[in-house]
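Engineer: Line by line, the protein sequences give chains R and F.
Be aware that the first sequence starts at 1, since it is given in the UniProt record's numbering, and climbs by one per residue.
Be aware that the second sequence starts at 1, since it is given in the UniProt record's numbering, and climbs by one per residue.
Just so you know, these hints were derived from the structure itself, not from any lab.
Every value quoted in this text rests on a predicted model; they were computed, and no experiment measured them.
Ideal Cβ placement from N, Cα and C applies to all residues, glycine included.
One thing to keep in mind: the hints can contain errors.
Unchecked claim - In silico EDC-like links for lysine to aspartate or glutamate, alpha-carbon gap of 16 Å or less:
#1 R:Lys108 <-> F:Asp21
#2 R:Lys11 <-> F:Glu200
#3 R:Lys108 <-> F:Asp67
What the hints assert, rightly or not - Label-pair ranges, simulated between beta-carbon atoms:
#4 R:Val35 <-> F:Ala47: 46 to 56 Å
#5 R:Asp23 <-> F:Ala107: 52 to 62 Å
#6 R:Glu115 <-> F:Phe28: 27 to 37 Å
#7 R:Gly122 <-> F:Phe141: 28 to 38 Å
#8 F:Ala10 <-> R:Gly54: 26 to 36 Å
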Amino acid sequence: MAIFSLWVINKAGGLVYQRNFADGLAQLTSNEYLVLAGTLHGIHAITSRLSPTGSSSGAQVIEGESFKMTILLTATGTKFVLLTSLAEATADLVLQRVYEAYADAVMKNPFHTPEMPVRSEGFDTRITSLIGTGQP
Amino acid sequence: MATTSKQYKAIGEDLWKSRTDKINSELFSLTYGALVVQLIQDYEDYAEVNKQLEKMGYNIGTRLIEDFLARSPLGRCSDFREVGEVAAKVGFKSFLNITPTVTHSGAPPPSTRPTSTVQQQSGVPGSSFILTLDENPLAEFVELPDEALEGGLWFSNVLCGVLRGALEMVQMQVQVEFLSDVLRGDESTEIRVTLLKYLEEEVPVGDD
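Same shape as in the complex, but just chain R (with noise of 0.2 Å):
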């Protein structure tokens, strides 16, 4: 029961913002972290497309063996991904409060340029009083 990151994908594909919180992820550089989150953002547009039942929104959860990935995409075509081990069952809940959490600290700073790196304090303090160190 573990969340180990959370990713802000904006709606070019550009990772805005990355965290890690518990351990059990590889440690990859900043340029792996943007290449994954661009081959993701490809990956998503495809998987809104292969829906057998219509439109579709895209994936929302990727499971693997060791960890599970949680998808929110909001109407205005930004993602926010969680990763998490398989057992978490909060992380609609805690995607949803990280959405709040970004439309406070990110977008109403009038010095944020939206779609570009996410480099607020305020958002990283309430993203610790929220995920902490991903371990219950």
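Take the given structure of chain R and dock chain F to it, following the hints.
Structural biologist: Same frame as chain R, now just chain F:
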């Protein structure tokens, strides 16, 4: 799942109540008034002031939409009519505690068209709605001087920008303009929002 007008009003009311930080409305009106007056002094051209107010509103709108979406339980609107309903009953209510009335109108009919098929579109470009504000917290106690009336100032033009910015972030390009304003001596304050087109999502090209 059609959400009724009453449900939208209830959602708007809930959102307004759940926001714990509220400021004194007169402070808000004073701040906005000071801003407009300063812009008039700086630019000395009412058309330019209108444009600047709209630009500021655009900036606000692009950010405000995230807050709105993060906090409201509503998903995407299915058609442009619903956009009007949600904007008036939930949007305006949750931020300004006012509920403008909405008047919809579909697209003007094209000149020549076979009448056979009815196209199912989520909103034909050209359709519009008009928001009629019976109260305007931005303009409490404001009386426009004659030069402002002659110069064509739309005092609350920031609202047009907010609507344009917010809707652009959810892939709708709209034109928003004031039709009338009680500050100008008209009967009512009306804002018309016209759908120009839906924006296609940006697809990343090549390796960036």
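Engineer: Taking the hints in turn, state whether each one holds.
Structural biologist: Verification of the supplied hints:
Straight-line distance between C-alpha atoms of lysine 108 of chain R and aspartate 21 of chain F comes to about 14 Å, which keeps the hinted pair within the 16 Å bound. Straight-line distance between C-alpha atoms of lysine 11 of chain R and glutamate 200 of chain F comes to about 12 Å, which keeps the hinted pair within the 16 Å bound. At most 16 Å may separate the alpha-carbon atoms for a hinted pair to count; lysine 108 of chain R and aspartate 67 of chain F meet this at roughly 9 Å. As the Cβ distance of valine 35 of chain R to alanine 47 of chain F is approximately 48 Å, the hint placing it in 46 to 56 Å holds.
Checked against the hint of 52 to 62 Å, the pair aspartate 23 of chain R and alanine 107 of chain F passes, with Cβ atoms roughly 57 Å apart. Distance hint check: the CB atoms of glutamate 115 of chain R and phenylalanine 28 of chain F are about 29 Å apart, consistent with the given range 27 to 37 Å. A beta carbon spacing of about 34 Å between glycine 122 of chain R and phenylalanine 141 of chain F agrees with the range 28 to 38 Å that was offered as a hint. Our hint of 26 to 36 Å for alanine 10 of chain F and glycine 54 of chain R holds, since their Cβ atoms are close to 30 Å apart.
Violated hints: none; the structure is consistent with every hint.
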